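Q: Residue numbers (the working numbering): 79 to 607.
Any given hint could turn out to be false.
[To be verified] DEER-style ranges, computed between Cβ atoms:
1. Thr-242 with Gly-360: 52 to 62 Å
2. Glu-175 with Tyr-90: 32 to 42 Å
3. Asn-324 with Asp-478: 50 to 60 Å
[Claimed, not checked] Listed below are the simulated SDA-like cross-link pairs for lysine to any residue, each with C-alpha atoms no more than 20 Å apart in a straight line:
4. Lys-583 with Ser-502
5. Lys-605 with Glu-534
6. Lys-583 with Ile-140
7. Lys-583 with Arg-524
8. Lys-583 with Asp-99
9. Lys-199 with Gly-137
10. Lys-265 with Asp-232
11. Lys-265 with Val-362
12. Lys-265 with Trp-361
13. Lys-605 with Arg-524
14. Lys-583 with Lys-199
15. Lys-199 with Asp-160
16. Lys-199 with Leu-154
17. Lys-199 with Lys-265
18. Lys-199 with Ala-226
19. Lys-605 with Gly-560
20. Lys-199 with Gly-92
21. Lys-265 with Glu-213
22. Lys-199 with Leu-289
23. Lys-605 with Leu-289
24. Lys-583 with Arg-512
25. Lys-583 with Phe-573
26. Lys-265 with Leu-171
27. Lys-583 with Ser-564
Hints are computed from structural coordinates only; laboratory data are not their basis.
It should be emphasised that the depicted structure is a prediction, and the values quoted were computed from it without experimental measurement.
C-beta atoms are modelled at their ideal positions from N, C-alpha and C, and glycine is treated no differently.
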Amino acid sequence: RVPRFDSTENQYRGEVYAAYDTAELGRMLSATIDAGNSRIASSFSAEFLDTGDRRTGSGDRIGPSGYQSRAVRWALAGNPDDDRSWLFDVHYLEQPETPRVDELVPGFGQTEPSSSEFFFKPNRRVFVRGRLGREDGALGLDWNVDLAWQRIDDDRVSRDFEATDRRYESNRSDLYGLVVSGSRVTKSGSWIAGVETYIDEVSSQRSEESLVDGQVIARTPRFPDGSGIERYALFVNTERYVSSRNRLSGGLRISHENVSLPATPVSVAASVRVTDASGDMGWVFNATENWQLVANAGFGFRAPNVFDLGTLGNRPGNRFNIPNPDLDSERVVQLDAGMRYSGDRARFELMVYALDYGDRITSILTGDVTPEGRDIVQSVNAADSTIRGFEGGAGFDVSDTVSLEAVLNYTWAEQRVSGSPAESGDRIPPLSGRLNVSYDAGGNFRADAWWRFAGEQDRLSARDVRDIRIDPSGTSGWGILGARGSWDFRGGWNFTAGIDNVFDKRYRVHGSGLDAPGRNVMISVRKTW
C-alpha cells in the first residue's frame with residue numbers, strides 16, 4: 079500500500095487493530111500511521127502475532143504448534159509533480175521459533191514422531207525497494223524503474239527422534255532485482271515492454287552437536303554454500319480492442335538463466351545454462367451487454383533452481399533428499415476458457431482449464447533408507463502431468479440487504495513417472511466450495527454466515543500413500559458452518575465477533591500436516607482516525 083493524500087496541507091491518519099481467537103489462543107495487535115500531503119507521504123506499520131497450540135475438533139491441543147511473528151514496515155512516497163513519483167519501502171518480518179509440527183507429532187502409519195526437535199529458528203525476511211516513475215517521459219512513454227533487495231534467513235534446529243546428535247543449520251538467500259519498463263495507453267489498447275535482471279546468492283552451513291560429550295562437527299550443508307542464480311529477461315505484453323466487442327491480448331518473455339553450484343563432499347560442481355521463452359494469448363468477447371466469453375492459451379518453462387539441484391537433508395513425509403546436479407527445465411502448456419454473466423441482481427462465472435506438464439521435476443525413491451529410517455529420495459525429470467478442472471462462482475442479491483455467494487472448485491490430475499504406470503497426481507485437492515449469506519442494510523451493522531466444504535479425496539499417488547501427512551485410505555470429506563457480525567460505532571470504532579466450525583468438526587485439509595482448528599470463537603476491535 080502506497081501512502082497518499084489529496085491535499086497540499088499536512089494530514090495524518092491511523093489505525094489500531096487487536097484480535098483474539100480461542101482455537102489457537104491467537105493474539106494479534108497491529109498499528110499503522112500515515113502522515114504527509116499530496117507531495118510527500120510516509121507510512122509506518124507494526125504487527126505482532128502470538129499463537130498457542132492448536133485445538134482441533136477432537137478437543138485436543140496439538141503441540142508444539144504455536145509460534146510468534148512480528149513485523150514492521152516503513153514507506154516514504156513522493157510526487158514532486160503530476161508526472162513524477164518515487165517510493166522507498168522497507169519491510170522486516172521475523173518468526174523467532176516455529177515448530178515443524180508434522181515432524182514432531184506422529185503421522186499416519188507412525189507410532190512415534192520423525193523428530194524429537196524441529197524448529198525453524200528463526201525465519202526472517204528483510205525487503206528494501208526503491209521505485210521511480212515518470213509519465214509521458216522519453217519517447218512519449220510512461221517509465222518505471224524498480225530496484226530491490228530481499229534477504230531470507232531459514233535457520234533450523236533439528237534432532238531425529240531420540241537421536242543423540244542435534245543439527246544446527248544456517249541458510250540464507252540474498253536476492254537482488256532490477257526491472258525497467260516503458261508503457262503506453264492508446265485509444266485502441268495498451269502495451270508494456272521492459273528488461274529485468276535478478277541475482278540470487280545462497281549461503282548455507284550445517285553443524286552437528288553431540289548431546290553426549292558436547293562435541294561440535296561441521297557437516298555438509300543443506301545447499302551447496304556459495305550457490306547462485308542469475309536471470310535476465312526481455313518481455314512485452316499488449317492488449318488491443320480489435321472491434322467494439324472483441325479484445326485480444328498477448329505477451330512474450332525471453333529468459334536466460336545461469337545456475338551454479340560449487341562442489342561439496344557429496345556432490346560435484348554443477349552449472350546449468352538455460353535460454354527459453356514463455357508467452358500467452360487471450361481473447362475477450364462481449365457477446366451481449368450481460369454475457370462475456372473469455373479464452374486464454376499459454377506456454378512456459380521453469381529452469382531447475384538451487385533447491386532442485388542441490389538439496390541435502392530431511393524433507394517432509396519422512397524423506398531424506400540427496401542432490402542431483404543433472405536436471406533440465408520443466409515445461410507447461412495451458413488452456414482455459416469460460417463465460418461470465420453480470421446482471422442487475424445476479425452474477426455468474428464458470429472457467430474450465432487444462433494444463434500439461436512435461437519433464438516435471440519430481441522426487442523419486444532411490445530404494446535406500448537412512449539409519450534413522452527415512453526414505454532416501456532424489457529429484458529427477460521423470461514425471462509428466464495432466465491437470466484438468468473448473469472454477470465456478472455465482473452471486474445473487476435476494477433483496478437490497480441480503481445477498482448470496484457460492485463458489486465451487488474441482489481439479490483432476492494424472493501423472494506418469496518414468497518406469498511406472500499412470501497414477502493420480504500428488505496432493506491434488508478434492509471437490510471443494512463455499513456458500514455465503516450476507517446482510518448489509520447500509521447501517522452500522524453487517525453480518526454474514528458461511529458453509530465451507532470439501533469432498534473425499536481417495537485418488538492418491540504412490541507418494542501420497544507413503545506421506546505421513548495423508549491418510550493412506552484417503553482424506554475424508556467435511557463441511558463446517560460459521561457466522562460473523564460487525565458493528566461500527568462513533569469515533570471510528572469497529573467491533574467484530576464470529577464463530578467458525580460451529581459443531582466442532584474434526585477434519586483435515588487434504589495434504590496438511592495438522593488437523594484444522596475446532597470450534598473457534600473470534601473477536602476483534604479496530605479504531606481508525
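Q: Please verify whether Lys-265 and Asp-232 have alpha carbons no more than 20 Å apart.
A: violated (49 Å)
Q: Below or equal to 20 Å on CA atoms is what counts here, so check Lys-605 against Glu-534.
A: Cα-Cα ~42 Å, so violated.
Q: Is it true that the CA of Lys-605 sits at most 20 Å from the CA of Arg-524?
A: Distance ~17 Å between Lys-605 and Arg-524 Cα, so the pair holds.
Q: If you draw a straight line from the CA of Lys-265 to the CA of Glu-213, is it 20 Å or shorter?
A: Answer holds: Lys-265 to Glu-213 is near 17 Å, not above 20 Å.
Q: Would the pair Lys-199 and Gly-92 pass a check requiring their Cα atoms to be no farther apart than 20 Å?
A: violated (33 Å)
Q: Holds or violated: Lys-583 with Lys-199, Cα cutoff 20 Å?
A: violated (32 Å)
Q: Please verify whether Lys-265 and Val-362 have alpha carbons no more than 20 Å apart.
A: At roughly 17 Å apart (the allowed maximum being 20 Å), Val-362 and Lys-265 satisfy the hint.
Q: For the pair supplied as a hint, Lys-583 and Ser-502, confirm whether the alpha-carbon distance does not exceed 20 Å.
A: violated (28 Å)
Q: Hey, Lys-583 versus Phe-573, does the alpha-carbon distance stay inside 20 Å?
A: violated (27 Å)
Q: So if I understand the rule, the pair passes when the alpha-carbon distance is 20 Å or less; does Lys-199 with Leu-154 pass?
A: violated (31 Å)
Q: Decide if the proposed pair is consistent with the structure: Lys-583 and Arg-512, CA atoms, cutoff 20 Å inclusive.
A: holds (16 Å)
Q: Between Lys-583 and Arg-524, is the straight-line Cα distance small enough, at 20 Å or below?
A: violated (26 Å)
Going through the hint list in order, the structure does not satisfy hints 3, 4, 5, 7, 9, 10, 14, 15, 16, 17, 18, 19, 20, 23, 25, 26 and 27.
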